[in-house]
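*Asks:* Each chain, letter by letter, is given below.
2 protein chains.
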Amino acid sequence: MTVTIDPFRDLADMEAYAAGATVFREGDAGDRMYVVLFGEVALSINGRRVETIGSGGILGEMALVDSGPRSATATVTQDAQLAPITAQRFTLLVQKKPEFALQIMRLLASRLRRMDALV
Amino acid sequence: MTVTIDPFRDLADMEAYAAGATVFREGDAGDRMYVVLFGEVALSINGRRVETIGSGGILGEMALVDSGPRSATATVTQDAQLAPITAQRFTLLVQKKPEFALQIMRLLASRLRRMDALV
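Chains as they are written, first to last, in numbering that gives the first Met the number 0: chain A, 0 to 118; chain B, 0 to 118.
Isolated chain A (complex conformation) (with noise of 0.2 Å):
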């Protein structure tokens, strides 16, 4: 599940992550996603990696939809740019471009049904 990143490469604010670094802590408030413009993130539950985000991919929407704490660990795996998405814009996304909330909403059923492989 990717996102075209082309919309989000002009965001001023992007971020520069070193791999190693932490991006969000699982219980974390989070007031942001992020697109992944390159490199590789991995996000752990309990320690234990669910899943390898690339070029494309999106971390961190949870926080968005429901405001709740941060489900996972995000750690760089491979240097990393992100683009940071606030919730205003989030929410103006939602609003502006209902292609957007499907792809969250896809991004949300895949995550969905591989956590439902593990149960």
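No wet-lab data here; the hints were simulated from the structure.
Since the model is a prediction, treat every value here as computed from it, not as a measurement.
Be careful, since some hints might not be right.
Incomplete in silico selection of chain A near chain B, CB under 10 Å [claimed, not checked]:
#1 V2
#2 A20
#3 L36
#4 I44
#5 T51
#6 E60
#7 G67
#8 S70
#9 V75
#10 K95
#11 L107
#12 A108
#13 R110
#14 L111
#15 M114
#16 D115
These stretches of chain B come out as covered by chain A in the derived footprint (C-beta under 8 Å, 3 or more residues) [unchecked claim]:
#17 65-74
#18 95-107
Built from N, CA and C at the ideal position, the CB exists for glycine as well.
Assemble chain B onto chain A, guided by the hints.
*Replies:* For chain B alone, kept in the frame of chain A given last:
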């Protein structure tokens, strides 16, 4: 996670189910989701009950979001009336009602957090 069910009450094609009936089975193809108007429906994955859904609750949204097979079996546990939402209507709702899209996202997020807790 419930939706306001009033907008769904006027659908002409509401479906009545008696307790014990199966709405859909895990692995089936699915082309509609359902809003529970009244009654109760249980969701099971691999024979394990993962959720009970009452009035205002939604089921079957996964198959609409990613066109995949039903991720759970839905069994009516109390006589129920369900309002089906076809894929076409779902797409229209996402396009015209950003709040509906957000509700579906929140629902998926709440299910994902619950599954995460089981891992």
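*Asks:* With chain B as the partner, please determine if A/I44 meets the hint condition of a C-beta pair closer than 10 Å.
*Replies:* Since chain B brings a Cβ to about 5 Å from A/I44, closer than 10 Å, the hint holds.
*Asks:* Less than 10 Å between beta-carbons is the criterion; does A/V75 satisfy it with respect to chain B?
*Replies:* violated (21 Å)
*Asks:* Is the interface hint for A/L111 satisfied, with its Cβ closer than 10 Å to some Cβ of chain B?
*Replies:* With a closest approach of 5 Å, the A/L111 hint holds.
*Asks:* With chain B as the partner, please determine if A/L107 meets the hint condition of a C-beta pair closer than 10 Å.
*Replies:* Nearest chain B Cβ about 4 Å off; hint holds.
*Asks:* Using Cβ atoms only, decide whether A/G67 comes closer than 10 Å to chain B, and label the hint accordingly.
*Replies:* This hint holds: A/G67 lies near chain B, its Cβ roughly 7 Å from the closest one there, short of 10 Å.
*Asks:* Please check whether A/R110 passes as an interface residue: C-beta within 10 Å of a C-beta belonging to chain B.
*Replies:* OK, holds: A/R110 within 10 Å of chain B, min 6 Å.
*Asks:* Please verify that hint: A/M114, Cβ, nearest Cβ of chain B, below 10 Å or not.
*Replies:* Check passed: Cβ of A/M114 comes within 4 Å of chain B, closer than 10 Å.
*Asks:* Given A/L36 as an interface hint, is the shortest Cβ-Cβ distance to chain B below 10 Å?
*Replies:* Violated. Min distance 23 Å.
*Asks:* Does the nearest C-beta of chain B fall within a distance shorter than 10 Å of the C-beta of A/K95?
*Replies:* holds (8 Å)
*Asks:* Mind taking a look at whether chain A covers the region 65-74 of chain B? Criterion is 3 or more residues with CB to CB distance under 8 Å.
*Replies:* With 4 residues close enough to chain A, the hint holds.
*Asks:* Using the nearest Cβ pair, does A/E60 come within less than 10 Å of chain B?
*Replies:* holds (8 Å)
*Asks:* Minimum Cβ distance from A/V2 to chain B below 10 Å?
*Replies:* violated (15 Å)
Checked against the numbered hints above, the structure breaks hints 1, 2, 3, 5, 9 and satisfies the rest.
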